[in-house]
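Residue numbers (my numbering), protein chains in the order written: chain X, 1 to 656; chain D, 1 to 200.
Hints listed in this document are in silico derivations from the structure and should not be mistaken for laboratory results.
Note that the coordinates shown come from a computational prediction; the quantities given were computed from them, not determined experimentally.
Glycine is no exception: its CB is placed at the ideal position from the N, C-alpha and C atoms.
Among the clues, some could well be false.
[To be verified] Quick list of in silico lysine-lysine cross-link-like pairs, DSBU-like style, CA-CA up to 30 Å:
(1) X:K560 - X:K368
(2) X:K32 - D:K20
(3) X:K515 - X:K436
(4) X:K370 - X:K515
(5) X:K368 - X:K436
(6) D:K20 - X:K16
(7) X:K16 - X:K436
(8) X:K212 - X:K572
(9) X:K368 - X:K479
(10) X:K479 - X:K572
(11) X:K215 - D:K20
(12) X:K212 - D:K200
[As the list claims (entries may be wrong)] So, partial list: chain D residues that the calculated Cβ filter (under 7 Å) puts toward chain X:
(13) S13
(14) I25
(15) A36
(16) S39
(17) G46
(18) Y50
These are the residues of each chain, in order.
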Amino acid sequence: MASTAAPASTIFRRPKQTSGWMSWLTTVDHKKIGIMYGYSAFFFFILGGLEALILRLQLAGPNGTVLDANEYNAMFTMHGTTMIFLFVMPVGAAFFNYMMPLMIGARDVAFPRLNALSFWIFIFGGIFLYSSFLFGTTGPPAGGNLPGGATDASWLGSTINGGWFMYQPNAGPRFSTGTVLDFGAIGLQILGLASLISAVNFIATIFNMRAKGMKLLRMPVFVWMTLVVAFLLLFSLPIIAVALFMVTFDRQLGTLFFDTFQGGDAILWQHLFWLFGHPEVYILILPAMGIVSETLPVFSRKPLFGYPAVVFAGAAIGFLGFGVWAHHMFASGITPVAQAAFGLATMTIAVPTGIKIFNWMGTMWMGKIKFTTPMLFSLGFVALFVIGGLSGVTHSIVPADWQQTDTYYIVAHFHYVLFGGAIFGIFAGLYYWFPKLTGRMLSEKLGKLHFWLMFIGMNLTFGPMHWLGLQGMVRRTWKYPEEYNFGTWNMVVTVGAYTIALSILVFMINWVRSKRKGVESGMDPWDARTIEWSIPNPTPEWNFGVNPEVQALDDWWHRKYDENEEGRPVRKAEADATIAQFHDQGVNPPSPIHLPSPSYFPFLAGAAFLAIGYGVVYHTRGWGLPLLAFGVILLLSSMIGWSLEPLEEDHEEVHA
Amino acid sequence: MSDIAHDEQLHESTGIETRKLAMWIFLSSEFMFFGALISNYLLFKGRVGYPEPYPSEMFDIPFTSVSSFVLLMSSLTMVLADHAIHRDDQRATRTWIVATALLGMVFLSGQAFEFTEFVLHDPPMTLSTNPAASAFFTLTGFHGMHVLIGVIMLLTLAGTSFRKGRLSTATGLNLESVALYWHFVDIIWIVIFTVVYLIK
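The following block holds chain X by itself, in its conformation from the complex (with noise of 0.2 Å):
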């Protein structure tokens, strides 16, 4: 509304457009941020999977051809790397983005064009990655050929072949003499950097801009969840920043860190990988923790059972999970102590994780449950998730882990915990948000198809993959010989992973159709309990238009609902009232609003990486190092660029 002319001391205008193409380059919004990380996210979900289909393709059988052995090596590099660090760290990130300022009633993050910069780097990041595919090599190892007599030449490209874990030496100079690894490495550093931004700047924004009232302990679980997520990467993603570092200089300087020939130390690399790499998994299940522990409460019509526990599982869980890293290393030769002392400390994590799960299941108890869709995928987190701990419990004993390491069991375990864990609370929390992004429900018909098909899909393929390692089926090879009867078994497990593809395409048509045609949500279409839903459908642009104040724990719910004597909730007789009145505030706000202009600079800095990445990778060749001095004065000046740009402009838009 409010439109003049910028002063003449401004240097650098900011660009204006709030609709177009543009608009998504440049926006800082948070909620577009949260939506151009979802639907990024679900296209590497999409990739990743259909590698994992490939893979059920090529096992589906005994003998199989589709893939010779450097392929399938591969495909399940890509398939992990691409599931961990583009599918269910971003969509994790999306929903941080969306959600978390909406529930602690703030107008964005912190930050916001330090927001757009952490998207912006992941997406070049994950291009990076990806380019691989057209632009990688591999060699033979030095004085060695590739297993069982694979060729170099393949029909896919040469990808990223060493592991999302990336071994040493094997992943080192002298035995992967092609530059895809130098794509892993890098790659990975870049996509680190992106979480390590967005975890600063979400850990600023939860301490300093809850609305007025909101204590710590008046957060929503899942806001909770995002801080120890934020913790958890600021601590533990520098180590592998580290790591990758000495990675990257053994590949390109000739350091000699994991040179085991010349005085390197391979179990080194285990170790920073793994302190890295088990508060990762936490990483990845703690959001969907969150989600379900938003989603039980309000189809059980019920407060959350025990609140402060739950949330101090979650810190506790966030706090052990640096405690338990060499778990991982079991078979690898550490001290008969240090397996004493790892496996311990790994079984008292189950102590946290119990205590939620109970939690939950106390939520239900006397609970008036509506088995709605996401409901339906809380259930199944919590029951998949069951089966997953327990059976990482068995990894915590030492000599069963022996007997267990490099099976499908690990391979089974670890998919309950990810795919029947994460991805199902990713999934009950798509469902039950969907209407803050469209003002629109997704259809609960093909919801609750999409939920059986994947449910069914998701036993029939992860859980034979136990008694199939119990047999004695390694992971990480690419075929099995017929007298071993593995036959059968991986057949169901194939037919059960095209069940889950056939589930998320029910999905795909259910977003696309919903989002056009779906029934229209209203307001507070859950009866929910959190201040996210005191605010219309779609999510108007300014967020809230009157600052939220906070008086209680699950705030909107004592907006609407009193307690009698049996402390059953009795609907107030003014809630519709009071919906109505919230719904007004937000679309036609009392005073002008503010918003952050948008900004080049953090699209600009983004691509930097693209540049500095390939210019690394190719710093021997002539243009490789040009590439890469672009890549770092594109870096510095749009630093400097944005460092020099003013916060509020005259020009700015107001919104009345």
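Fit chain D to the known structure of chain X by using the hints.
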């Protein structure tokens, strides 16, 4: 003040300015980063049987003590810059910022000289002499990189200081969070100098 256009009702729940809070949070992560690098060095420096020379045989303690002193003094000038901005003395602020950047650059030249000496020494110590040397160059190199980034931030601040009122509030970069970063880099150097250079 945070990096969003705010209205009068927005408040900081912790009472700490958001940019400063974010810098504290970021620096807590940096402690893990340098912690890992220092542990790497400690792991490799005690091992025997590597090709000579080991980093510990190469150090010129008096020279490095002088350049460490220079870096420590830059924390003093940083504090003086911080005082000057609180008095709203823009000229003094700019002078002390530039002085801090210059001291940082003197330290960096010292490091460049030191590295050159090591590489030109006979027998030379390079990145690929032994893992201890790899760890030494990686650790001190990353510290130098941090100093360099600090110098760039200081020079950018000095540049902004020519526009009135820009130093402390109106842009994303502000003096107090740069000062926090700078002191952090100094503290880490004290640890590196003690653990790597002085402890045998």
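Hint check results:
Restraint check for X:K560 and X:K368: satisfied, since their Cα atoms lie roughly 18 Å apart, inside the 30 Å limit. At roughly 26 Å between alpha-carbon atoms, X:K32 and D:K20 fall within 30 Å of each other, so this suggested pair holds. Between X:K515 and X:K436, the direct Cα distance comes to roughly 12 Å. Compliance with the 30 Å bound is thereby established for this hinted pair. Distance restraint check for X:K370 and X:K515: the Cα-Cα separation of roughly 23 Å lies within the 30 Å cut-off, and the hinted pair is therefore satisfied.
With a CA separation close to 24 Å, the supplied pair X:K368 and X:K436 stays within the 30 Å bound. For the suggested pair D:K20 and X:K16, the alpha carbons sit about 28 Å apart, so the restraint of at most 30 Å is met. For the suggested pair X:K16 and X:K436, the alpha carbons sit about 25 Å apart, so the restraint of at most 30 Å is met. In summary, the hint linking X:K212 to X:K572 is supported, as the alpha carbons are separated by about 24 Å, within the 30 Å threshold.
For the proposed pair X:K368 and X:K479, the alpha carbon gap of about 50 Å is over 30 Å, so the pair is violated. Between the alpha carbons of X:K479 and X:K572 the distance comes to roughly 64 Å, so the proposed pair goes past 30 Å and is violated. Restraint check for X:K215 and D:K20: satisfied, since their Cα atoms lie roughly 21 Å apart, inside the 30 Å limit. Between X:K212 and D:K200 the alpha-carbon distance is near 55 Å, which puts this suggested pair outside the 30 Å criterion.
Of the supplied interface hints, the one on D:S13 holds, with its beta-carbon coming within about 5 Å of a beta-carbon of chain X, less than 7 Å. Nearest Cβ of chain X to the Cβ of D:I25: about 5 Å, under the 7 Å cut. The hint holds. Satisfaction of the interface hint for D:A36 is found here, the shortest Cβ-Cβ separation to chain X being roughly 4 Å, below the 7 Å cut-off. Annotation: D:S39 was flagged as interfacial toward chain X, and the flag is violated, the nearest CB pair being 9 Å apart, outside 7 Å.
Taking 7 Å as the C-beta cut-off, the interface hint given for D:G46 is violated, the closest approach to chain X being about 12 Å. Interface hint status for D:Y50: upheld, as the beta-carbon distance to the closest one in chain X is roughly 5 Å, under 7 Å.
Against the hints set out earlier in the document, violations occur for numbers 9, 10, 12, 16, 17.
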